[in-house]
Amino acid sequence: MKNKSVTFLTQAAMIAAIYVVLTMVFAPFSFGEVQVRVAEALTILPIFTPAAIPGLFVGCLIGNITGGAVLPDIIFGSIATLIGAAGTYQLRKCHRVLAVLPPILANIIIVPFVLRYAYGVVLPIPFMMLTVGIGEVISCGIMGNILAAVLGKYKGRIFASARV
3 MKNKSVTFLT QAAMIAAIYV VLTMVFAPFS FGEVQVRVAE ALTILPIFTP
53 AAIPGLFVGC LIGNITGGAV LPDIIFGSIA TLIGAAGTYQ LRKCHRVLAV
103 LPPILANIII VPFVLRYAYG VVLPIPFMML TVGIGEVISC GIMGNILAAV
153 LGKYKGRIFA SARV
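So the number in the numbering used here is just where the residue sits in the sequence shown, counting from 1, plus 2.
Any given hint might turn out to be false.
Unchecked claim - Distance windows between CB atoms, simulated: (1) Tyr119 - Val152: 32 to 40 Å; (2) Pro74 - Ala19: 34 to 42 Å; (3) Phe129 - Lys155: 36 to 44 Å; (4) Gly158 - Phe115: 36 to 44 Å; (5) Leu132 - Phe28: 17 to 25 Å; (6) Ile127 - Ala15: 30 to 38 Å; (7) Arg118 - His97: 16 to 24 Å; (8) Lys155 - Gly122: 43 to 51 Å; (9) Tyr156 - Arg118: 38 to 46 Å.
Bear in mind the hints are in silico, worked out from the structure with no lab data behind them.
Treat the numbers as computed from the prediction; the structure is a model and nothing was measured.
For glycine and all other residues, C-beta sits at the position ideal for the given N, C-alpha and C.
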């Protein structure tokens, strides 16, 4: 049992680290009212391992802090990723297309309000929902499903030992 716990924590830490690196490498379009956060493709990982849920949350939290986000964005942006990851885990037995809906919807609902009230962006909230939604469809829907297809071939070797 101890070995599985260590593996779970190790996988969570690795996922968090990858999320942070992707957020920083692609920082020019990871933030703002029009954003495609490449790291959000990782929100598909809860279909393979529950370790992805805390990993994605911590990764988003650290990515937002190191990316210079303001406190409401650090908190609520990270919560959006947590909600999305938990939702993906709940839908893990469904088709991958459905499993990516929770992170897309969580970000469409939460991030525009963060942009308005934390950053003072004066664009209409429905418009920002559209722009954030497009970015999430690209990162979670398209890139996430490509990632899932590739990882699905190796899931037994990569993720099997982290089941808790």
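Verification of the hints:
| no. | hint | verdict |
| --- | --- | --- |
| 1 | Tyr119 - Val152: 32 to 40 Å | 38 Å, holds |
| 2 | Pro74 - Ala19: 34 to 42 Å | 25 Å, violated |
| 3 | Phe129 - Lys155: 36 to 44 Å | 39 Å, holds |
| 4 | Gly158 - Phe115: 36 to 44 Å | 41 Å, holds |
| 5 | Leu132 - Phe28: 17 to 25 Å | 21 Å, holds |
| 6 | Ile127 - Ala15: 30 to 38 Å | 35 Å, holds |
| 7 | Arg118 - His97: 16 to 24 Å | 34 Å, violated |
| 8 | Lys155 - Gly122: 43 to 51 Å | 46 Å, holds |
| 9 | Tyr156 - Arg118: 38 to 46 Å | 42 Å, holds |
Hint check: violations occur at hints 2 and 7; the rest are consistent with the structure.
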